[in-house]
Amino acid sequence: MSRIFIPLDSAAVAVGADEVAAAIAEAHPEAEIVRTGSRGMHWLEPMVEVETAEGRVAYGPVSLADVDSLLEADLMAAGAHDLRLGRPEDLPFLQDQERLTFARCGITDPLSVTDYETHGGLEGVKKATGMSAEAICQEVMTSGLRGRGGAAFPAGIKWNTVSGANADQKYIVCNADEGDSGTFADRMIMEGDPLLLVEGMVIAGLGCGATKGYIYLRSEYPIAKRVLGQAIEQAYKHGLLGDDVMGSGKAFHLEVFMGAGAYICGEETSLLESLEGKRGQVRAKPPLPALEGLNGKPTLVHNVISLCAVPTILAKGGAFYRDLGMGRSTGTMPFQLAGNIKQGGLVEKAFGVTLKALVEDFGGGTRSGRPVKAVQVGGPLGAYIPPSRFDMPMDYETFAKIGAGVGHGGIVVFDDTADMAAQAKYAFDFCAHESCGKCTPCRIGAVRGSEVMAKVIAGENRETNLTLIEDLLEVMEDGSLCAMGGMTPVPVKSILDYFPEAVGRGTAKGGE
Amino acid sequence: MIDLPGGRSHLLPKYVLELSTKNEKGATVAANTVQPCSNTEDDPITAFVSETGGLMHALNALQARDGYIDAALVPKLAKAFNITKAEVKGVISFYDDFTKAPKGKHVVRICQAEACQAVGSRSLTAHTLEKLGIGLGDTTPDGHVTVEAVYCLGLCATGPAVMIDGHVKGRVAPADLDPILDAAEAEA
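If you're matching them up, the sequences are chains A and B in order. Each residue of the first sequence is one higher than the one before, counting from 1 in this note's numbering. Each residue of the second sequence is one higher than the one before, counting from 1 in this note's numbering.
Keep in mind that the hints were calculated from the coordinates and are not lab data. Ideal Cβ placement from N, Cα and C applies to all residues, glycine included. A portion of the hints provided could be inaccurate.
[Stated by the list, open to error] Example chain A residues on the side facing chain B (calculated, C-beta under 10 Å, incomplete):
hint	residue
1	T183
2	M258
3	L275
4	L291
5	E292
6	I341
7	G437
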């Protein structure tokens, strides 16, 4: 019996994967159609793969209009066709990656525990059940893993703090409120390999002594919501979740908690407020969530990708993970190529890969075919970087040096038609829309910033108003309670530095 | 079936027109509308009182059931959760997903964030609003279509992205939305 693989990933469904799957199923009712995650080559979606004796053969991008000709070309026997791509693993985009977290994404059935285990899943949790909590935390410490949500805080320190805290109840909270534009790694792994997240959270529970976990998921991800719910059901059925996790005698229970459309809830204390049923307003720190988090109890809050790195760290050892990457940026990072890019998608690489390699070699330049003007790295609070800086290696320290951040690994490409002054105004507008309102520099500063930037764009007292903006940026950066107001200056400053002509000023920093 | 150029026929409104369901009050609920975690058969006001963050579940459930949060329910929610009416209102007004009035029969959410801006979401938004003669966040006078901003659908390599009645669409050109909007507008 022929097996056909078609992604259920949102990016594939958004360009017609469901309709293609339905059309193939109608023509070949005998074929088994497996809905997988996406391989992460989004310009080739919907990508259809067929199983052959020599491995899978891919076709893409397959539109509904192509299905008839594909079937005539004997898709079931991997026949020749203009859209035939050959074996996906042989495509340079995939060949040049170092996939650990995304090793199974696009290959396995996301809802099959058997498939998961056959492809290396559950190895980490099996090891963890035979280890002490201290030893589990030590392995994470050794790996050098840092929070992948944006703050890059050393995970091992957080684990030790929660593990060492005495409490009748502790929690593991997964931050799946992936609101940064240009990022979709969390969504892809939750849709394509949700059991990996479940396994990572179970290991965190064992390491920290927590018995209850929540995945705080944004409402903009309905497909992830469905897949996660079904995966958790399977995990309970197979003993990965429940009162006796993998025969360890220890309990871990997990549920998905739906957000309601607030970007700020990606900030960990705001997320905890929301999880308690309140307005998602930021809390002052201390107390740290690791000691007083959800319901006042010790809580480990981690981004999806941080938790998804954990099963690999336990299975292969912290040292294996630490030896990838550069300097204090250890392991791999799923970079996401987005915006005006020819070959957009997900590239998992060890830290140290350059922006140039990502944008030009993997990405193939812009989708429009025009020259690149800027890339915004790390979401709406990230810097706009000009091509003259594309030799920068992607690591936390290099980016910090120029006042930028790697963030959650999103890279949004803009071509030469981009209006950088408009982007600077947008940074303020976005902050004004998403500010939780608790602190003044963010709540009022964002609104004033937008108003003053509008005057700059209109050519009104330009230099005076730009000085005012620079002053405002300093206040926001130093006086805001969290990164929302504190980092909104990052994109604005980068535009003033690298694209001064956009605001009617002289030459860019560095003289280019 | 209408043919769209560039193999874009999948953008036709078959979801919009077939998969949407009517709830008991007659409001359209997209087939993919996010449902709360559990206990959907019970009264959403009281079903989640003992759960962590139960008010969020209750409000998500009410929004899904009614298409908005009826102001008349605020005192009931306050009583059930043992908090003040002001606190309930505060939570409702904080989150974009909770609305105080019903939306149009069809809801078109167009991504306004950077990755979609880089591939033309601003002109897609302008085209849509001009065609319908409304502003962003507004509903057509006949109540058929609401157009909203959304900040990222996670489709950043296949933008511009839109969500129509809970269903995601990528690589959307202005001309692709026209037949969908026409069909939604023509619907009785």
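- Can you name, in rising order, the numbers of the hints this structure does not satisfy? Violated hints (numbers, rising): 4 and 5; every other hint is consistent with the structure.
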